[in-house]
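Visitor: Chains as they are written, first to last, in my numbering: chain B, 1 to 255; chain Y, 1001 to 1213.
None of these hints come from the bench; they were simulated from the model.
The beta carbon of each residue, even a glycine, is placed where N, CA and C say it ideally should be.
Be a bit skeptical, because a hint or two may be false.
Said to hold, decoys possible - Sample of chain B residues with no beta-carbon within 10 Å of chain Y, all distances over it, derived:
hint: 1; residue: GLN5
hint: 2; residue: ASP8
hint: 3; residue: HIS10
hint: 4; residue: ARG59
hint: 5; residue: GLN69
hint: 6; residue: ASN70
hint: 7; residue: SER79
hint: 8; residue: GLY137
hint: 9; residue: LEU183
hint: 10; residue: LEU237
hint: 11; residue: LEU252
Stated by the list, open to error - EDC-like cross-link-like pairs, simulated, lysine to aspartate or glutamate; straight-line CA separation at most 20 Å:
hint: 12; chain 1: B; residue 1: LYS83; chain 2: Y; residue 2: ASP1119
hint: 13; chain 1: B; residue 1: LYS141; chain 2: B; residue 2: GLU126
hint: 14; chain 1: B; residue 1: LYS250; chain 2: B; residue 2: GLU233
hint: 15; chain 1: B; residue 1: LYS141; chain 2: Y; residue 2: ASP1210
hint: 16; chain 1: B; residue 1: LYS28; chain 2: B; residue 2: ASP168
hint: 17; chain 1: B; residue 1: LYS104; chain 2: Y; residue 2: ASP1111
hint: 18; chain 1: B; residue 1: LYS104; chain 2: Y; residue 2: ASP1119
hint: 19; chain 1: B; residue 1: LYS90; chain 2: B; residue 2: GLU30
hint: 20; chain 1: B; residue 1: LYS90; chain 2: Y; residue 2: GLU1116
hint: 21; chain 1: B; residue 1: LYS104; chain 2: Y; residue 2: ASP1210
hint: 22; chain 1: B; residue 1: LYS135; chain 2: B; residue 2: GLU108
hint: 23; chain 1: B; residue 1: LYS118; chain 2: B; residue 2: GLU108
hint: 24; chain 1: B; residue 1: LYS90; chain 2: Y; residue 2: ASP1119
hint: 25; chain 1: B; residue 1: LYS104; chain 2: Y; residue 2: GLU1206
hint: 26; chain 1: B; residue 1: LYS118; chain 2: Y; residue 2: ASP1119
hint: 27; chain 1: B; residue 1: LYS192; chain 2: B; residue 2: GLU233
hint: 28; chain 1: Y; residue 1: LYS1139; chain 2: B; residue 2: GLU108
hint: 29; chain 1: Y; residue 1: LYS1020; chain 2: Y; residue 2: GLU1082
hint: 30; chain 1: B; residue 1: LYS250; chain 2: B; residue 2: ASP222
hint: 31; chain 1: B; residue 1: LYS192; chain 2: B; residue 2: ASP180
hint: 32; chain 1: Y; residue 1: LYS1013; chain 2: Y; residue 2: ASP1002
hint: 33; chain 1: B; residue 1: LYS28; chain 2: B; residue 2: GLU229
hint: 34; chain 1: B; residue 1: LYS104; chain 2: B; residue 2: ASP143
hint: 35; chain 1: B; residue 1: LYS118; chain 2: Y; residue 2: GLU1116
hint: 36; chain 1: B; residue 1: LYS28; chain 2: B; residue 2: ASP193
hint: 37; chain 1: B; residue 1: LYS104; chain 2: Y; residue 2: GLU1116
hint: 38; chain 1: Y; residue 1: LYS1139; chain 2: Y; residue 2: GLU1206
hint: 39; chain 1: Y; residue 1: LYS1130; chain 2: B; residue 2: GLU108
hint: 40; chain 1: Y; residue 1: LYS1139; chain 2: B; residue 2: GLU148
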Amino acid sequence: MYILQAIDIHKNFGSLGVLHGVTLQVQKGEVIAIIGPSGSGKSTLLRCLNHLERIDSGRIEIEGETIAQNNSEGQAVYSSEAKITQARRKMGMVFQNFNLFPHKSVMENLIMAPTRVKNMDKAEAEESARLLLAKVGLSQKADNYPFELSGGQQQRVAIARALAMNPDIMCFDEPTSALDPELTGEVLMVMKDLALEDMTMVVVTHEIGFAREVADRVIFMDEGVIMEEGQAEEVLLNPRQERTSAFLSKVLMAR
Amino acid sequence: MDYIIMLLPSMLKGLTVTLKLFSITLVMALPLGVIMGMARISSFSPLRWFMEFYVWLFRGTPLLLQLLFMYFGLMTLGLRPEREMAAYLAFVLNYSAYLAEIFRAGIQSIDRGQYEAADVLGLSRYQTMKNIILPQVFKRVLPPIGNEVINLVKDTALVYVLAISELSRVARTHVMRDDTFIPFLIAAIFYLMMTGMVQRFFKWLELRYDYFH
Ligand SMILES: Nc1ncnc2c1ncn2[C@@H]1O[C@H](COP(=O)(O)OP(=O)(O)O)[C@@H](O)[C@H]1O
Ligand SMILES: [Mg+2]
Chain B
1 MYILQAIDIH
11 KNFGSLGVLH
21 GVTLQVQKGE
31 VIAIIGPSGS
41 GKSTLLRCLN
51 HLERIDSGRI
61 EIEGETIAQN
71 NSEGQAVYSS
81 EAKITQARRK
91 MGMVFQNFNL
101 FPHKSVMENL
111 IMAPTRVKNM
121 DKAEAEESAR
131 LLLAKVGLSQ
141 KADNYPFELS
151 GGQQQRVAIA
161 RALAMNPDIM
171 CFDEPTSALD
181 PELTGEVLMV
191 MKDLALEDMT
201 MVVVTHEIGF
211 AREVADRVIF
221 MDEGVIMEEG
231 QAEEVLLNPR
241 QERTSAFLSK
251 VLMAR
Chain Y
1001 MDYIIMLLPS
1011 MLKGLTVTLK
1021 LFSITLVMAL
1031 PLGVIMGMAR
1041 ISSFSPLRWF
1051 MEFYVWLFRG
1061 TPLLLQLLFM
1071 YFGLMTLGLR
1081 PEREMAAYLA
1091 FVLNYSAYLA
1101 EIFRAGIQSI
1111 DRGQYEAADV
1121 LGLSRYQTMK
1131 NIILPQVFKR
1141 VLPPIGNEVI
1151 NLVKDTALVY
1161 VLAISELSRV
1171 ARTHVMRDDT
1181 FIPFLIAAIF
1191 YLMMTGMVQR
1201 FFKWLELRYD
1211 YFH
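So that you can see chain B by itself, here it is in the shape it has in the complex (with noise of 0.2 Å):
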């Protein structure tokens, strides 16, 4: 039983083709991550789960729910409104640029969305978000606004906010790539305790070592297709492909 599925996914931008069939399954509880050069479709293929980008052909499931799939003439068709709005309550998505709201307080950052889409009581919410911030060591920072934040704990916010939705699965689009290298690692830290805590996730990393570390599966991602996939160790320590050992030792090069 996955709690994720994406089958045979196909995305155009126009007349560029991003994503040529790929699939993707994730079972509960399961770290995945997805690496791969730039421009190889990981963040679209993210978008595409989070309903950020529609797919042209293939099918999406969350929990069970059938959110797109295929008509007859192979292409996708996607689920009421309502349908699609519920299951995308169960996905957290954490950008690389944050994208905290900058007019808000970390605060009013966590406590927006349950506030005000799932119609909890203020104090309530605020008092979960407390306990997410203390998750991701920012108690003493509930009252700031993000620009008085370094990078690193502003996309530890991010995290907190994402989470104060309670999803069951979170994404994550190059978490630590806009971050200064000293400030990746505090980051990390908080993916890895998400990650022991059995949350299911989905991680787009250049991050080799977190992705040896704490991701149970590798997904190697090449012009729009999925190259190679497996256990971390095996794709990462003994790649079968050819492509995907010449893109790691370029990325472990770069450190």
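Position chain Y with the ligands relative to chain B; hints supplied.
Guide: Using the frame of chain B, we list chain Y with the ligands on its own:
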């Protein structure tokens, strides 16, 4: 001195007329500008095209002409517009067009990531606009809006073409009757006081919005 005191009542009356036009225009054109600014980038293309045409029309012709057109145009249509009414209408329509452009640019300057973050959190489009986008837009558009409001103070003088006795027209009447330019000086002082207040108010607003970057 006595002359100035004697002038004041009618000058103040002119000032009220000016202030009334100023306030009505602002109160109507600001919200209209926000709505039109959003309509200008709506995904519904006929609305977008209409707004583009509207903005082109009202920014592309002199306000003076629009005033005359509004008054004599409505008259030809068999309506008997009050001169003030025609003035308010022209000003509101004209300033809405300018403000719409400012709001449009402001809305478009907000990073797409803000919409996406709100979207994945489940906020509706309305909630996103109201709670996430527009508050950030307001901060960014304060300086250009401030400019427009100062322009508005001075543009009010244009309604003299409809023989409305606003501040500058009253001054001119006195100048011609009494053969002195003192009324002009007084009018200038009044305008400077108004634009000065607008400037200070916007400075205060910008400070108030300084709590985020
Ligand atoms: N909104 C878009 N419109 C057009 N092309 C896009 C868009 N988003 C991504 N692309 C293109 O799709 C390809 C894959 O992009 P992306 O998924 O961001 O790759 P990755 O995350 O692996 O670097 C790239 O060629 C990119 O230019
Ligand atoms: Mg990417």
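Visitor: Beyond 10 Å from every Cβ of chain Y: is that where the Cβ of SER79 (chain B) lies?
Guide: Holds, because the least Cβ-Cβ distance between SER79 (chain B) and chain Y comes to about 16 Å, which exceeds 10 Å.
Visitor: Would you mind confirming whether the straight-line C-alpha gap from LYS192 (chain B) to GLU233 (chain B) stays at or under 20 Å?
Guide: Cα-Cα ~17 Å, so holds.
Visitor: Does the structure keep LYS104 (chain B) and ASP1111 (chain Y) at a Cα separation of 20 Å or less?
Guide: 16 Å, holds
Visitor: Mind checking the alpha carbons of LYS192 (chain B) and ASP180 (chain B) for me, to see if they're no more than 20 Å apart?
Guide: 19 Å, holds
Visitor: Holds or violated: LYS1139 (chain Y) and GLU148 (chain B), Cα atoms, limit 20 Å.
Guide: 18 Å, holds
Visitor: Given the hinted pair LYS250 (chain B) and ASP222 (chain B), is their Cα-Cα distance within 20 Å?
Guide: 14 Å, holds
Visitor: Taking only the CA atoms, is the gap from LYS1013 (chain Y) to ASP1002 (chain Y) under or equal to 20 Å?
Guide: 18 Å, holds
Visitor: Measure nothing beyond the straight line between the CA atoms of LYS90 (chain B) and ASP1119 (chain Y); if it is 20 Å or shorter, mark the hint as holding.
Guide: 13 Å, holds
Visitor: Please verify whether LYS104 (chain B) and ASP143 (chain B) have alpha carbons no more than 20 Å apart.
Guide: 9 Å, holds
Visitor: Are the Cα atoms of LYS135 (chain B) and GLU108 (chain B) separated by 20 Å or less?
Guide: Status holds; Cα separation ~17 Å.
Visitor: Holds or violated: LYS118 (chain B) with GLU1116 (chain Y), Cα cutoff 20 Å?
Guide: 18 Å, holds
Visitor: Would you check the hint for LYS141 (chain B) and GLU126 (chain B), treating anything up to 20 Å between C-alpha atoms as holding?
Guide: This hinted pair holds, its Cα atoms lying about 13 Å apart.
Violated hints: none; the structure is consistent with every hint.
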